[in-house]
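Taken in sequence, the protein lines are chains P and R. Each residue of the first sequence is one higher than the one before, counting from 1 in this note's numbering. Each residue of the second sequence is one higher than the one before, counting from 1 in this note's numbering.
Think of the hints as simulated: they come from the structure by calculation, not from any bench. Every value quoted in this text rests on a predicted model; they were computed, and no experiment measured them. Hints are all accurate, no fakes.
Footprint (simulated), chain P over chain R, 3 or more residues, beta carbon under 8 Å:
| id | segment |
| --- | --- |
| 1 | 2–9 |
| 2 | 12–19 |
| 3 | 316–324 |
| 4 | 329–340 |
| 5 | 412–425 |
Beta carbons are placed, not taken as given, at the ideal position from N, Cα and C, and that holds for glycine.
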Amino acid sequence: MSEPAIRLAGVGKRYPPREPGVAPLDLLIELDLTVARGEFLAIEGQSGSGKSTLLHLLGGLDRDFIGEVRVLGCDLSALSDQELAALRHAQIGFVFQSFNLLPGLSALENVLLPDFFGEGVPDAERRAREALARVGLADKGQSPPAALSGGERQRVAIARALLARPPLLLADEPTGNLDAQTGEGVISLFRELHQEGMTLLIVTHEARVSHAADRVMVLREGRLAAEPGSKHPLESE
Amino acid sequence: MRASKLFKLARSNLVRELGALAVSSGGVALGIGCLVFFLALGAGLQGVVNEVFPVSTREVEVVVPSMAIGNLLGEARLDDAVVARLRKVPGVAAAYPKMSLRIPAVTRYNGLFFGREIHMGLEVVGVGLMPELVGEDARLPFQDRGDGAPIPIVVSRRLLEIYNKVFAPQRGLPRLTDSMLIGFQFPIELGRSYIAGKTMPNAQEAALQLVGFSDRATLAGASMPLTAVMRINRRYGADADNYSSVLLRAQNADQVPEVAASVRRMGLEIDDSERNRALQIGAAVELVTLALGILAGLITGLAAVNTMQAFYASVRERTREIGVLRAVGATRGDVAGVVLAEAAVTGLAGGVVGVLLARLAAALLDRVASNGLPDFPFKPSTFFRFQGWHVALGILVALAAALIGAFFPARAAARLDPAKALTES
Ligand SMILES: Nc1ncnc2c1ncn2[C@@H]1O[C@H](COP(=O)(O)OP(=O)(O)O)[C@@H](O)[C@H]1O
Ligand SMILES: [Mg+2]
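Turn these sequences into a full structure, and let the hints guide you.
Here it is in structure tokens:
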């Protein structure tokens with residue numbers, strides 16, 4: 001089998017003290033983690049436990065860490081800024097808690113955002129419409145983000161993450177700003193993507209998200225642990 | 001990242017920040033407006049100077065030195081032989097000898113002058129010019145037709161201007177145009193002077209006919225065909241062999257000093273007082289234009305600083321968005337590119353508005369001048385001359401100012417740590 005989608009070995013993240021005299025913050029300590037291709041992993045953790053930081057490390061957005069981070073066969077420490085940008089562009093989709101749509105662009109243009117960079121995205125316009133249709137917003141392409149509900153905005157953000165058809169999706173509390181019902185819609189979208197073979201890593205502190213995942217882990221005091229009772233596909237063999 | 005995509009993204013950001021855009025663009029527009037305004041004013045005034053002092057930078061007037069030893073010995077002269085030598089001086093394209101009318105002459109006019117009865121007598125100062133020099137300015141033949149025929153004359157355009165703007169209004173005389181005057185004949189008495197109060201024994205009545213107005217004509221007097229002046233001088237026993245001056249035209253303006261040096265080596269003098277005056281006034285206009293241009297440059301510089309502040313604020317405000325761009329695959333260079341593209345649009349808008357402002361201000365000023373200022377000689381219908389390169393330079397400087405102003409903010413945006421940018425609230 002090819003290399004796993006994600007492999008962490010001895011990964012640590014330390015924030016220097018914010019003011020002198022205070023001890024530095026060891027936010028992530030000696031993390032080891034393997035995520036298989038096609039796996040749907042949920043990582044739970046309380047606010048401030050380092051979930052976002054972990055996602056930023058995985059996406060090459062934060063290069064300041066120790067240990068080894070391998071994503072889709074690439075050793076992130078060995079990549080240049082340009083190569084990391086190219087990796088994010090083609091291989092990784094990001095979804096954020098606060099959607100992060102650009103207010104000056106229409107929904108469709110927001111979905112097209114990856115096409116503005118790098119080599120662009122082949123057949124971007126058609127794919128963007130498909131992606132919008134896929135998240136159920138075929139008729140909202142011209143709407144500005146301000147005219148959309150929270151659930152719609154998050155679905156536009158997901159469509160944006162899907163535009164380049166990346167094999168890996170990283171989502172940071174994607175339902176955190178949504179009510180239960182709209183959150184449910186987003187979760188079932190993730191489930192569908194998973195069924196189509198995409199690798200998903202979603203950090204959350206909501207149990208309903210975790211329920212959709214193959215495997216759930218918990219980030220606590222800088223360390224990752226399998227959630228008690230959670231099935232583990234790699235260990236079940 | 002393709003330019004069209006870059007500008008699309010830039011535009012979407014600018015539309016949101018129209019206020020900031022207006023402030024940055026407005027500053028640039030002000031600076032560029034001043035720049036283009038002053039450049040056009042300088043060019044316009046230069047045009048007026050050229051009209052008042054219609055001298056060519058390629059030409060010099062050769063005269064016999066007034067105090068030369070050679071002159072006392074009768075050596076320095078301007079006869080046909082010397083003119084032939086002058087034509088051979090390296091760098092000389094053409095030589096046009098001139099000769100003054102060396103006997104007194106007066107004109108007396110009694111009668112109707114464009115509907116008004118006038119009586120006047122004037123001493124006539126005559127200068128003989130080669131017809132080639134007057135060229136197309138003469139509407140009727142500028143040729144001596146011998147004894148008895150009217151002598152064609154051309155008159156300085158400046159003289160007509162001064163008559164129309166100063167003399168005519170003061171005396172209540174009608175204003176005259178070229179076409180009203182061409183063909184006009186008036187009597188002249190050769191060999192007579194009012195000032196000296198004497199009349200030569202063979203004084204004679206003749207007629208002058210105005211055939212045109214020319215910048216080539218002498219300012220104070222009437223310019224006649226050279227052959228006519230020689231004929232009259234000879235007839236009255238005055239010197240008809242030595243010219244008063246020779247106009248030398250160099251092949252180009254750069255060769256004038258060289259030609260002047262050669263002429264001086266021949267024991268002749270250059271009368272460049274008129275040329276120097278024109279050059280000096282031209283240089284003064286240029287200097288003032290330059291100073292005002294620098295002032296406009298300073299205003300544009302301030303606009304660049306203003307643009308810098310606006311873009312710093314804009315980048316700070318959009319920190320999180322910049323993180324998002326990086327997350328979807330933008331490089332640091334792409335982020336800088338987006339900010340610079342915004343600046344380019346801001347600068348171009350400022351440049352275009354600035355040029356329009358300059359034109360508007362010029363039109364207003366011209367209107368004020370035409371309505372509010374009294375008529376004076378050479379009062380132009382416009383004080384401005386907008387040239388293509390003024391506009392091009394203005395827009396280029398506007399673009400440069402905005403890009404320079406946005407350089408550091410763009411770099412700051414590029415250097416943002418994407419992870420930190422994304423956690424910015
Ligand atoms: N630049 C920084 N310097 C010091 N501490 C930081 C910095 N950025 C984040 N942190 C700390 O990291 C923690 C937040 O981590 P984060 O990954 O955002 O957690 P989560 O996403 O699980 O809420 C907070 O405790 C915060 O104080
Ligand atoms: Mg977080």
